[in-house]
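Build the full structure now, drawing on both the sequences and the hints.
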Amino acid sequence: MKKPQYKKVTKIIQPVPADPINRRDFFNKAWKGLGILAAIEVLGMFTGFMFSGKPKSSSAPKQLLEAGPVDSFAPDTVSAFMGGRFYLARQQDGGFIALSLRCTHLGCSIAWEEEQKRFICPCHSSAFDISGEVLNPPAARALNYYPVLIENGMVKVDIGTLIERNTFRKDQLQYA
Amino acid sequence: MRTIFLHLHPVRVNESSVRFNRTFGLGGMAALLIVIQIITGISLRFYYTPVPAEAYNSVVFLKNHVLFGQFVRNIHYWSGVFLLNIAFLHFLRVFLTGAFRDVRKINWLFGLLLLLLIVFSNFTGYLLPWDQLAYWAITVSTNIIGYLPLAGESLRTMIIGGKELNAGTLQTFFTFHTAVLPLLILVLVLYHFWRVRKAGGILIPESTEKAEMVPTMPDLVFKEFIVALVLIAVLFTFSALFNAPLLDKANPAYSMNPTKAPWYFAGVQELLMHFHPFFAAFIIPISVAVFLAWIPFLKYDEAPNGHWFISEQGRKSSEATAKFTVIITVAGILFNEYVMNFELLLSFLPAFISNGIIPLLILLAFMAGYYRYYLKRFNLRKAELVQAIFVFIIVAFIVLTLIGIFFRGKDMELTFPWNV
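Those protein sequence lines, which keep their order, are chains U and P.
Note that numbering that gives the first Met the number 0 gives residue 31 to position 32 of the first sequence, counting from 1, and the numbers run on in steps of one.
Note that numbering that gives the first Met the number 0 gives residue 408 to position 409 of the second sequence, counting from 1, and the numbers run on in steps of one.
Simulated from the structure, these hints should not be mistaken for lab results.
Ideal Cβ positions, reconstructed from N, Cα and C, are used throughout, including at glycine.
Do not rely on the hints blindly, as some may be mistaken.
BS3-like, lysine-lysine: derived pairs with alpha carbons at most 30 Å apart [claimed, not checked]:
no., chain 1, residue 1, chain 2, residue 2
1, U, K155, U, K61
2, U, K155, P, K162
3, P, K162, P, K248
4, P, K222, P, K197
5, P, K162, U, K169
6, P, K248, P, K104
7, P, K104, P, K315
8, P, K104, P, K298
9, P, K322, P, K298
10, P, K162, U, K116
11, P, K409, U, K116
12, P, K409, P, K381
13, P, K375, P, K298
14, U, K61, P, K162
15, P, K381, P, K104
Examples of chain P residues lying across from chain U (beta carbon under 7 Å, computed) [as the list claims (entries may be wrong)]:
no., residue
16, T215
17, A350
18, S353
Printed below as a string of structure tokens:
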């Protein structure tokens, strides 16, 4: 038997030039990509799930609450409507404003002090005058208010729309 | 049972690390209280209804008609109070013995996170009875969020699901309190323990004697057992003697006088009486949080040695700083209350400047003066200086909290504890 003759290899076989993407690379990247995609999808679903069910506060419908005839409120008096969460304050000049009973500092319920003619917050003793203007800090903004409508001598308050303001202005009052 | 304990612990531990007054067993106590919270919490869920119309009545029913109902509720309440206090003491112990640096820095961050989650747990639980105390405390606290810059108001609306507390708020708080937070806390506590082992156990001071290793069972496990029994005894005695508060059903039209935030936020609320909300509820708490998270990553001259207050001069400077802090905090509160109200006096300036920047600068000036003319004489190294700042923050926080809880009466006027 003749021994097989091995030819000395002189020419080194060059490896195939590295493919920018081989099969393993491709699958690894594909899995990663799919994973990221799935994470984004789940996150999107979760966000939608968490926040879409909440009622939209901005589109609250008009909720008119009838407060009573204009003449039943004397000028310079305050009447409490606890069910509607407001004080109907009639100014000295006869103008109406429906003040929210939430203090603008931290949201406690204010109380009307008849002798001192001011609203006082029990939490940090902020005080407001009959128009809702700040008399004593820490509250920095005048009391929020609800729109007042006067139809056929009846005072009505739209308790679905809370209006925020910084200071009192004359045009916030409603006249009969 | 034996194997469970041995899985949490190494088989043998350093004799010096099982001494009770090394750690006072605070971390272990906190873990036990978390377990008690889970057991009593699940029990309470069998009777509690998370809707505003029914929540209060279901708590009253639990109190009056369920055997041990009041007792289980008391345990849950007091265990929550204990847990927050003990976790806070644990946090102090870890910092003051220097066990927050090097290999332990990630665990320090997880510890801070756990402390925050425990506060959230307490906070979400505070609303659930839906009585006057709960309703107004949560109203005040969530309104503070509204003062955060830019996103504050929308964040507040998102958290409570509207402009005022409503059924959605209760549902959200209930879900966080009974599902999200307990699960997170449980997982993180296990991780927290695991990292303690990874760091080679608790930090112990180098000593001249050769460290002797003792078997965990019984040397450590028996001590833990005794601590657990004593803690349970104290907790049950407390719960038998003092009822968890329950006032009238929540009435959105009528605020309590005074209305106070939950006790652990009394310090922030006290701060709000003296600073513009942007500073009291945002700048100052955020700065403190950043400081606490940042300290393990500073470069220090030497490794922590495991001794309380690092050294003799560390102890002396901490003591001096604590005294200075008590004086400046109490004096500042009294001064602002009775002598000079910046907001009224400087009413021509925006409140942001008159009641924010100006008092803050005055406070910082006092601190700089203290450092320049007193603290400097100690010739402190960096770790000791950081410790002095830490002591300042903690003591100020404690003083503010105590004043908020015990010295604020009707109309939030300053008064004595027996008038509160």
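Going through the hints against the structure:
Note on K155 of chain U and K61 of chain U: the hinted pairing holds, with a Cα-Cα distance of about 11 Å set against a maximum of 30 Å. Of the supplied pair hints, the one linking K155 of chain U and K162 of chain P holds, its CA atoms being roughly 22 Å apart against a limit of 30 Å. Only pairs whose Cα atoms come within 30 Å are accepted, and K162 of chain P paired with K248 of chain P is accepted, the gap being roughly 20 Å. Annotation: proposed proximity of K222 of chain P to K197 of chain P holds, straight-line Cα distance about 22 Å (limit 30 Å).
For the hint pairing K162 of chain P with K169 of chain U, the CA-to-CA distance comes to about 26 Å; that is within 30 Å, so the pair holds. With a C-alpha separation of about 46 Å, the suggested pairing of K248 of chain P with K104 of chain P is violated against the 30 Å cut-off. The straight-line distance between the Cα atoms of K104 of chain P and K315 of chain P is roughly 26 Å, inside the 30 Å bound, and the hint therefore holds. At roughly 12 Å between alpha-carbon atoms, K104 of chain P and K298 of chain P fall within 30 Å of each other, so this suggested pair holds.
Straight-line distance between C-alpha atoms of K322 of chain P and K298 of chain P comes to about 28 Å, which keeps the hinted pair within the 30 Å bound. Between K162 of chain P and K116 of chain U the alpha-carbon distance is near 28 Å, which keeps this suggested pair within the 30 Å criterion. Among the hinted pairs, K409 of chain P with K116 of chain U is consistent with the structure: their alpha-carbon atoms are about 20 Å apart, no more than 30 Å. The straight-line distance between the Cα atoms of K409 of chain P and K381 of chain P is roughly 45 Å, outside the 30 Å bound, and the hint therefore fails.
For a cut-off of 30 Å, the pair hint linking K375 of chain P to K298 of chain P stands: about 20 Å separates their Cα positions. Only pairs whose Cα atoms come within 30 Å are accepted, and K61 of chain U paired with K162 of chain P is accepted, the gap being roughly 16 Å. Between K381 of chain P and K104 of chain P the CA atoms are separated by roughly 17 Å; this keeps the pair inside 30 Å, and the hint holds. The criterion of a C-beta within 7 Å of any C-beta in chain U is not met by T215 of chain P, whose closest approach is roughly 41 Å, and the hint is violated.
A distance limit of 7 Å between C-beta atoms decides the matter here; for A350 of chain P the minimum to chain U is near 6 Å, and the interface restraint holds. With its C-beta approaching chain U no nearer than about 10 Å, S353 of chain P sits outside the 7 Å limit, and its interface hint is violated.
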